[in-house]
Amino acid sequence: MFKRNNVGFFIAVLLMLALTGIAGASASGPQTPDAPVSTVFTYQGRLTDSGSPANGAYDLRFSLFDAASSGAQIGSTQTLNDVAVTDGYFTVSLDFGATVFQGAARWIQVEVRPGASTGSYTNLSPRTSLAGVPYALSLRPGAVVNTSQVNVPALNLGAPNANSNALVATGNGDGYAVIYAEDQSTAGGYGVFGRSTSGTGVHGESTTWAGVWGESEDASGVVGVSAGQYNGGVYGLNTGSGYGVYGKADNGTGVYGQSTNWLGVYGQSTNQTGVVGESSGHDGVRGTTTAANHIGVKGVANAAGSVGVWGESTANTGVYAQSGAANGVALWGRNTTGGIALKAEGDAVQTRDMGGLPKAMALIEPANPNVSIVRCYNGLTAESFAGGGCGGFSAQLLPVGPAPDKVVVDFGFQVSDRFIMLQVFDPDGTDNISRYLYVEVISGSTVTVHNERVDCPGGGFCGTSQMDFFIYVF
1061 MFKRNNVGFF IAVLLMLALT GIAGASASGP QTPDAPVSTV FTYQGRLTDS GSPANGAYDL
1121 RFSLFDAASS GAQIGSTQTL NDVAVTDGYF TVSLDFGATV FQGAARWIQV EVRPGASTGS
1181 YTNLSPRTSL AGVPYALSLR PGAVVNTSQV NVPALNLGAP NANSNALVAT GNGDGYAVIY
1241 AEDQSTAGGY GVFGRSTSGT GVHGESTTWA GVWGESEDAS GVVGVSAGQY NGGVYGLNTG
1301 SGYGVYGKAD NGTGVYGQST NWLGVYGQST NQTGVVGESS GHDGVRGTTT AANHIGVKGV
1361 ANAAGSVGVW GESTANTGVY AQSGAANGVA LWGRNTTGGI ALKAEGDAVQ TRDMGGLPKA
1421 MALIEPANPN VSIVRCYNGL TAESFAGGGC GGFSAQLLPV GPAPDKVVVD FGFQVSDRFI
1481 MLQVFDPDGT DNISRYLYVE VISGSTVTVH NERVDCPGGG FCGTSQMDFF IYVF
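In my numbering, the protein residues as written are 1061 to 1534.
Derived by calculation from the structure, the hints in this document are not laboratory data.
Owing to the predicted nature of the structure, the values given are computational and were not obtained by experimental measurement.
Ideal placement from N, C-alpha and C gives every residue a C-beta, glycine not left out.
Incorrect hints may appear among the rest.
Across the chosen pairs, the derived CB separations fall in these ranges [what the hints assert, rightly or not]:
1. 1504 - 1322: 50 to 60 Å
2. 1295 - 1452: 51 to 61 Å
3. 1375 - 1261: 41 to 51 Å
4. 1341 - 1495: 51 to 61 Å
5. 1352 - 1382: 11 to 21 Å
Only pairs whose alpha carbons sit at most 16 Å apart, straight line, appear in this in silico EDC-like list of lysine to aspartate or glutamate [unchecked claim]:
6. 1308 - 1343
7. 1466 - 1528
8. 1308 - 1275
Using the sequences and the hints given, assemble the complete structure.
So, in structure tokens, the structure goes:
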């Protein structure tokens, strides 16, 4: 009767990996092994036959299971014929493949028969639990691998083959990371640090969500640094119809770019928009500069018919300019080739207390006894009508003496602190006519105009009448 006792087990490949990690840990990086380690491990046992140590040749059959009894077989059965047994001891090399040992418990089942026999095998029950060697235990699931030496990594992996990965990890937990890295240094460190000589330091890819996600409570979630003249610290690429780089912030800045000597943010597109800024509650695009004689936002267009800066709005202001400096300019237009510096295809308005544009213009026809506004323009509202009131304009005659010679024009807004200019419009006048047109009183929104036309034909009786005139408010 066959019996097995004092069966020892070790996984040579794990022991070798652990020892290699210790020997190769140095500040200069991992040492390249001469050849990759296989999945073969050594199994040693002691066999007795009828209570005495067995000697001779025996056929041995090994099977791997996931339970001490019953359970499922893992991998294929290993059959070794004519194994030499000396004084009961034997040593064999087994290979169940690369996927059978991934941290789960395993039991080995051994069957034996005499080497010269072709009969059935005897099962040496019970199955034996496979236990790892001490250093290999540090690689079990949930194990903690630490290092207390300066510049010595806790785990050092290498892939000398250019087409191999040094580390492959998979997971399917909802809300959990496949690889989780944490730095507990209070002086500043890296949770994940990736470096590449000529490729990508860290590459993240996802089918339905973020390829790379960075998050921080008090600092930057993702920081990209590049020392190259034409390279990006952060590079985003989208080959579909989405965003190459997408930034979002609840209360801060979605995307922030800063440069000491070049561009903080640079956007380029072959057929669409290089940079788009959009906000549902604040500024879509904002440019700020603190340097003297520089520009917060600059647009350049070098092609014929193109526009350097374009602003558009369906509900409000397309382009808004503001300056807080006493000698500054909110909107500056310059043409260096003698062309048009500023062009508006539409009405232009200005607030009442500012200078530069006319605040109001009107052509008054004071035909006795009524006064009519032939045409007018309101520079505050851009209303312009022929025969209308221009948003509140009105005019009336003031009878003085035998004939009215005063016209009161009411603009509907304060003009007492503005400049008033009058101009006679009398195309039918002759040489014997004297004209008197001047401002008598400015009060609030009204201007009282002295308007007198004296006609003395042939030196006889002189008649007095009103003249049409223009009135301007600046």
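Quiz item: Under the criterion that the straight-line Cα-Cα distance not exceed 16 Å, is the pair residue 1308, residue 1275 satisfied?
Solution: holds (12 Å)
Practice problem: Look at the Cβ atoms of residue 1352 and residue 1382 and judge whether their distance stays inside 11 to 21 Å. | Solution: At roughly 18 Å between Cβ atoms, residue 1382 and residue 1352 fall inside 11 to 21 Å, so the hint holds.
Practice problem: Kindly confirm whether 51 to 61 Å is satisfied by the beta carbon distance between residue 1295 and residue 1452. | Solution: Given a distance of about 59 Å, which is inside 51 to 61 Å, the answer is holds.
Exercise. Take a quick look at whether residue 1308 and residue 1343 sit within 16 Å of each other, Cα to Cα.
Key: holds (13 Å)
Quiz item: Given a hinted range of 51 to 61 Å, is it respected by the beta-carbon distance of residue 1341 and residue 1495?
Solution: holds (60 Å)
Quiz item: Is 50 to 60 Å a correct range for the gap between the Cβ atoms of residue 1504 and residue 1322?
Solution: Holds, since residue 1504 and residue 1322 (Cβ atoms, about 57 Å apart) stay within the stated range.
Quiz item: Would you say the C-beta atoms of residue 1375 and residue 1261 sit inside 41 to 51 Å of each other?
Solution: holds (45 Å)
Quiz item: Is the hinted pair residue 1466 and residue 1528 satisfied, with a Cα-Cα distance of at most 16 Å?
Solution: holds (12 Å)
Checked against the numbered hints listed earlier, the structure breaks none of them; every hint is satisfied.
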